[in-house]
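Engineer: Listed here are the chains, written in short residue letters.
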Amino acid sequence: MSLIDSLPRVRTLRLPRADGLIPWIVPLAIILIWQVACVTGFVSARVLPAPSDVALAGWKLLLSGELARDIWVSFWRASVGFLIGGSIGFAFGLANGLSQLSSKLTDTTLQMVRNIPHLALIPLVILWFGIDESAKLFLVALGVFFPIYLNTLHGIRTVDQQLIEMGRIYGMTDGELFRRVIFPGALPSIFVGLRFALGIMWLTLIVAETIAASSGLGYMAMQAREFMLIDVVVLSILIYALLGKLADSASRALERLTLSWHPAFQKH
Amino acid sequence: MQGSLRFRPIDAEAVESPDFVKPRLLRRDANALLRGLSLTIRGLRKSFGDNEVLRGIDLHIPAGQSVAIVGRSGCGKSTLLRLIAGLESVTAGTIGFGEETRAEDVRVMFQEPRLLPWARVLSNVEVGLGRERASADAQARAESALVEVGLAEKREQWPAVLSGGQKQRVALARALVSRPRMLAFDEPLGALDALTRISMQRLLERVWQDQGFTAIMVTHDVAEAVALADRVLVIEDGRIAHDINVDIPRPRRRGSAELAVLEGSILKNLLQGTEDSSDL
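Protein sequence lines correspond, in order, to chains A and B.
The letter at position 63 of the first sequence is residue 63 when you use the numbering used here, and the numbering goes up by one with no holes.
The letter at position 270 of the second sequence is residue 270 when you use the numbering used here, and the numbering goes up by one with no holes.
Any given hint might turn out to be false.
[Claimed, not checked] So, partial list: chain A residues that the calculated Cβ filter (under 10 Å) puts toward chain B:
id, residue
1, T109
2, M166
3, G171
4, D174
5, P263
[Unchecked claim] Computed far set for chain A versus chain B, every beta-carbon distance over 10 Å:
id, residue
6, A37
7, A91
8, T108
9, P117
10, S134
11, R180
12, L238
13, S251
These are computed hints drawn from the structure, not numbers from a lab.
Here the structure is a predicted model, which means the values were calculated and not measured.
We put the CB at the ideal spot given by N, CA and C, even for glycine.
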């Protein structure tokens with residue numbers, strides 16, 4: 001009797017914890033297999049250091065303060081570049097989505113520029129800015145600009161026309177119509193742009209820091225390569241993965257917060 | 001029975017005749033005089049490019065009447081409704097309400113609920129207040145409109161979790177919240193299942209009787225038209241082909257023989273001329 005009574009309770013207690021752990025099973029298993037493969041000598045430490053060695057290298061760098069400094073520099077570049085490029089892209093997306101004139105004036109130009117891979121500008125950017133901070137910020141901002149611009153524009157253009165008509169019938173002013181109908185309607189698409197942009201942000205930063213920098217995670221990896229410190233190289237790659245995951249989680253949290261009305265984000 | 005069917009050819013200019021005022025409606029009509037708007041349309045034409053959709057409509061609707069507009073698809077009935085609601089501009093002719101009106105006096109309800117998915121039910125109803133949205137009693141008025149359609153307990157829900165009928169009731173509350181004096185319905189029940197339709201029809205009839213607004217409803221469902229309306233207009237080729245008073249006392253019993261006979265004769269008229277109507 002007591003066993004039957006306690007069964008459902010045990011199940012409801014165990015499920016949420018298991019749910020939170022499931023996504024981490026695969027990464028943890030990979031690390032475990034990797035560790036075993038290194039310890040048994042199946043993979044040479046010159047090709048791939050064991051996870052424990054990578055953690056040790058990270059610990060040393062953390063104690064010396066280098067790691068924190070490099071992460072901070074990279075994080076600062078990523079976020080400032082993202083803010084600059086993202087806000088310009090958002091502003092153009094709004095303007096071109098709302099105004100025919102603005103769209104006719106700038107959209108064709110932006111579509112042409114979009115087709116140039118922004119990393120192809122690296123030689124030019126080095127000539128212009130040297131290996132200064134502004135070079136990295138410029139590249140990140142440029143890379144982030146287009147996904148935000150395109151998705152904001154698309155979001156605004158695809159807002160349900162019937163809702164806009166409804167808003168007009170009920171006497172909304174242009175400002176109200178934007179605030180209550182157009183912007184919330186475009187938001188899901190803007191978030192798609194945001195998450196694309198976050199991916200491009202890291203990609204651009206890694207490339208820029210690897211090619212031309214005197215600090216940051218990419219620089220740390222390049223330095224380590226010169227001294228054959230393969231554990232540090234692997235460490236920097238893992239840190240990029242974690243930072244990318246962090247940015248993605250942050251944007252998901254923001255999505256859940258602002259799109260709670262959306263059936264896809266409702267908890268069951 | 002046949003006495004209740006009066007088909008009038010369009011040429012007859014007698015649309016202003018007061019023969020629709022029936023003694024049993026007097027109490028409600030007194031209320032309607034205060035609340036409803038009357039509507040007078042003269043020589044109304046509407047073209048989209050070369051396509052003339054409405055070819056001369058003359059119509060008078062007294063305050064507080066409920067009128068159903070039926071016709072085949074493409075006959076111009078929805079266009080007429082959109083013109084009355086001010087959603088399109090007229091090509092020629094006039095539409096007058098006989099007095100100065102505010103924007104909040106005429107409201108439209110569409111086939112789709114057109115609720116803002118990102119606003120809670122109560123905020124969606126508040127949208128209907130128009131420029132009075134900012135007033136202090138906005139929320140109280142929205143709440144009482146929700147009570148009127150029987151959805152008070154859904155006030156904090158997202159529209160996505162409501163059923164089709166519930167969404168349409170929220171849209172009705174939004175249309176009612178500004179106490180309009182004329183309500184235009186464009187196939188408001190067209191997307192609902194049969195049972196939900198019947199309960200919505202009862203709800204529409206009840207709020208119309210309570211509030212005394214003038215109701216104009218476009219529908220493709222003749223049974224719905226004769227069940228709800230005081231008067232049925234049949235539109236053919238952009239003109240009013242028939243103007244029928246429905247003299248059946250309320251509350252009308254759905255499926256009654258009287259309604260069925262009237263429905264049959266209107267359908268027969270609708271089908272005449274193009275197809276063999278012997279199957280009716």
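Engineer: Each hint should be assessed against the structure and marked as holding or not.
Structural biologist: Evaluation of the provided hints:
1. T109: 33 Å, violated
2. M166: Given a least distance of 4 Å, the restraint on M166/A holds.
3. G171: Constraint on G171/A satisfied, holds at 4 Å.
4. D174: 14 Å, violated
5. P263: Holds: closest Cβ of chain B sits about 5 Å from P263/A, inside 10 Å.
6. A37: 49 Å, holds
7. A91: 22 Å, holds
8. T108: 30 Å, holds
9. P117: 36 Å, holds
10. S134: The assertion about S134/A holds, with a minimum of 39 Å to chain B.
11. R180: Violated, because the least Cβ-Cβ distance between R180/A and chain B comes to about 7 Å, which does not exceed 10 Å.
12. L238: For L238/A, whose nearest Cβ neighbour in chain B is about 39 Å away, the distance exceeds 10 Å, so it holds.
13. S251: 18 Å, holds
Hint check: violations occur at hints 1, 4, 11; the rest are consistent with the structure.
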